[in-house]
Amino acid sequence: MIEFDHMTRTYGPKLAVADLTLAIPRGELFALLGPNGAGKTTTIKILVGLLQPSRGAVRVCGFDLVRDPRNAHLHIGYVPDEPCLYDKLTGREFLWFIADMFGMPKHPAEQHIAKEIEHFELGEFVDDLAESYSLGMKQRLVFAAALLHNPDVLVLDEPMVGLDPRSVRIVKDLLKARTQDGMTVFMSTHTLAMAEEMADRVGIMVRGQLRFLGTIAELREQMALETMSLEQLYLQLTSSQSSPPPRDRPDGVS
Amino acid sequence: MSGQSLPRDAGRLLSPEAESRIFLRLRATIAWETLRSMLSSARLRLTLVILLSMMFWGSLYGLFVESFTFLDSLYTEVISFLFNAFFSSLMVMLIFSTGILVYSGMYSSPESRLLLTLPARSEAIFSHKFQEAIWFSSWGFVLLGSPMLVAYGVVREAPWTYFLLLLPFMLSFVVIPATLGSICCMAMVAWLPKLRLHALSIAVTVACIAALWLGWSAMAPGRTAHPSSAWLEETFLRLSVTEQKLFPSWWLSSGLIESARKGTPAESFASLLDALKFLALLIANGMLLQLLAAWLAGHSYRLGYSQLLGEVPRRRRRPISWFDRTLTHAGSAAGRPLRLLLVKDLRLFRRDVAQWSQFVIFFGLLGLYFLNLQSFYYNNIYASLIGFLNLAVVGLILSTFTTRFVFPMISLEGRRFWILGLLPVHRDQIVWSKFLFSFLGSLLPCCSLVLLSDLMLGIPLAVMLIHELCCVMLCLGLSGIAVGLGARMPDLRESSPSKLSSGFGGTLSLVLSATYIMVVVSVAAIPTHLFLAMHVLGSGTAGQGFLAWASGWQGTVASLVLVVTVGALATALPLRLGIKAFRKLEP
Chain A
0 MIEFDHMTRT
10 YGPKLAVADL
20 TLAIPRGELF
30 ALLGPNGAGK
40 TTTIKILVGL
50 LQPSRGAVRV
60 CGFDLVRDPR
70 NAHLHIGYVP
80 DEPCLYDKLT
90 GREFLWFIAD
100 MFGMPKHPAE
110 QHIAKEIEHF
120 ELGEFVDDLA
130 ESYSLGMKQR
140 LVFAAALLHN
150 PDVLVLDEPM
160 VGLDPRSVRI
170 VKDLLKARTQ
180 DGMTVFMSTH
190 TLAMAEEMAD
200 RVGIMVRGQL
210 RFLGTIAELR
220 EQMALETMSL
230 EQLYLQLTSS
240 QSSPPPRDRP
250 DGVS
Chain B
0 MSGQSLPRDA
10 GRLLSPEAES
20 RIFLRLRATI
30 AWETLRSMLS
40 SARLRLTLVI
50 LLSMMFWGSL
60 YGLFVESFTF
70 LDSLYTEVIS
80 FLFNAFFSSL
90 MVMLIFSTGI
100 LVYSGMYSSP
110 ESRLLLTLPA
120 RSEAIFSHKF
130 QEAIWFSSWG
140 FVLLGSPMLV
150 AYGVVREAPW
160 TYFLLLLPFM
170 LSFVVIPATL
180 GSICCMAMVA
190 WLPKLRLHAL
200 SIAVTVACIA
210 ALWLGWSAMA
220 PGRTAHPSSA
230 WLEETFLRLS
240 VTEQKLFPSW
250 WLSSGLIESA
260 RKGTPAESFA
270 SLLDALKFLA
280 LLIANGMLLQ
290 LLAAWLAGHS
300 YRLGYSQLLG
310 EVPRRRRRPI
320 SWFDRTLTHA
330 GSAAGRPLRL
340 LLVKDLRLFR
350 RDVAQWSQFV
360 IFFGLLGLYF
370 LNLQSFYYNN
380 IYASLIGFLN
390 LAVVGLILST
400 FTTRFVFPMI
410 SLEGRRFWIL
420 GLLPVHRDQI
430 VWSKFLFSFL
440 GSLLPCCSLV
450 LLSDLMLGIP
460 LAVMLIHELC
470 CVMLCLGLSG
480 IAVGLGARMP
490 DLRESSPSKL
500 SSGFGGTLSL
510 VLSATYIMVV
520 VSVAAIPTHL
530 FLAMHVLGSG
540 TAGQGFLAWA
550 SGWQGTVASL
560 VLVVTVGALA
570 TALPLRLGIK
580 AFRKLEP
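These protein sequences, in sequence, are chains A and B. Take 0 as the starting number for the first sequence in numbering that gives the first Met the number 0 and just add one per residue. Take 0 as the starting number for the second sequence in numbering that gives the first Met the number 0 and just add one per residue.
Looking at chain A on its own, in the form it has when it is part of the complex (with noise of 0.2 Å):
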């Protein structure tokens, strides 16, 4: 579903990720774990098309990001860190503006809309201007709009800032339903608790380098082996001084 292919990417003269290689299945919750300016938010932009790899490609669902975006983008759902509605439109209208602009058929996208309005529990202020809206939200109307043409893909760019603990509840059931159906998502946190509860890979990424990529059993296994709690492994994979861990590659990553 998701490939990168040799993929770096450059600002200036800084690496800002570093010939990554990953596949990532269908019906897979993949979460990218890493501190601040490790590369995450770099390689989500790249997932998602608003940025170019210097080097190397991205495929989803075997469409290059580059060479063919659209085809690419019927293929993606996008939820932003910092979720972009337009002020005068109601949050049924922007769902139907996303409907559209995904080619949606009208009687489908009814239905879709309906049913996301009811999953994500917008009914109360659905019918409002969107700059009446508070953070929490906006992010559940972004969601919603990400999930309306059932993408392949799924992003998630910190998908829980700003969202209360009940539509916290909301999304993680929603993403284990939907990756049973068979969507993949590729989501970036900060959180180790909802990394733990959710993905079935992680991948740690420091200054642009995979440092760690493998199962949560798989990072256990070290932790056993090393008697460090998860966050103590975090904190060492992710500290400058740390070099990658002394461990076989596993299948995926080169």
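Calculated from the structure, these hints are not laboratory results. Take the hints with a grain of salt, since some may be wrong.
[Stated by the list, open to error] Label-pair restraints from in silico Cβ distances:
id	chain 1	residue 1	chain 2	residue 2	range
1	B	422	A	234	28 to 38 Å
2	A	160	B	328	41 to 51 Å
3	A	234	B	42	56 to 66 Å
4	B	334	A	135	43 to 53 Å
5	A	135	B	331	40 to 50 Å
Cβ atoms here follow ideal geometry from the backbone N, Cα and C, with glycine treated the same way.
Assemble the complex: chain A is given as a structure, and chain B must be docked to it using the hints.
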């Protein structure tokens, strides 16, 4: 809640026509909602805007009817020169303004971040943002150009087809410079990312120098002093550069003049055909440029956006400026918190390009106009009249700045109120610091401009001093009104200064400011004019009773006392109201 997804039936790439329809619907919905919210929450502002626009349009129409009647009796060729000069300068302005608007719409708006993650064609996004930009950049042209062109048609008794063709001519013309500006913008972002800023500053500098040179050479005193026919010929010779036949401005001028031409039915028909040829030329070139821009957007938009997003902001260590250091440490310790607040606002102003660039552009243009005043010759009455009008213009421009930038200052502290609230600073000092910032910041540029205007007009020293006193009172009063009302009617949850200034409080501040300017300028101007009428123009026979008193030194002193009193009230009352309200404010 169920997490079950619906069957996948989306995923259809849209045709260009379907994308255009969706964007059109989006803009129409946003425009309608904006109008609806203005009608419900900003009626005063909307009414004022409509009334002022109508007044402006009507005044311009009257002025142009008079001017065309006068010019028509002199030379018919004059119109062609004027149209060419007007439309060519407009063309340059539209290239820059649309280029800048397209840049901010396509590359730095949150909307573009959303649109680029949707399966939309780059060409469609460009077209959507271009239409938005052309609307914003060209409404001024319609407001300024339409009374001129309608007046021309009325004076020349043009056939009805002229009026019918006006709008198509104007629209087809604005597309050309607007598209050129967009093409330059996209090409610069995609292929000259490093040179972008340099290229833009060089282009702006060259355009400013060219405009200055053109303006100066057209208005500078030549061999002939008076605006006689020889003077006009000399001026037109200097402006002949705008008559290039490859300029779209020439096509527009020629088309309009042809379509307004009268004659026998056969001649009229031939002129109409010529006009239509010019219209076709404008439309064809506009369409060609649109095709080129769409092609460029398709090939460069995503690349340019990515390059721009990937730019590393230069980290510069900013040393504390000598001015900030001096202001912080000068004076007593008791006044230090106030000075620190002043320094903070000064830094924010310096680092906000939107604020100081508008300040520089508007006051710079005014300065340019004042510099050109000496090219004409006035008698004392006219010099004094123009001097007071210039004083009013300086005040009006200052009032737009105090409304746009000073009025929202207290509200904008809303999200940072916890910082100010925790500081050992009395709340009054926050309001006073805003007032001092506005007053001291406006004093020097405004007084300098008024002085420049008076020097160019050759106004006597005594009248200059009156003008300067009025200018100081205007700076005081306008700052008092903006800061006082800003503190009296704050909206601590709003973070957009434009929304704050366009709300009820901002509009009230603008209306009160305009009224205050009119009162101050009128009260100061009347005795001066009476004096000039009595003593300079020799109509002293009417100088008895009240008129004699008003036109003498007593009248001048009384008017100045009144100006100072009105100024003191306009400063103190809003500030007092604002400080009282701000003390009780609960963030």
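**OP:** Would you pick out the hints that fail for this structure and give their numbers low to high?
**Re:** none
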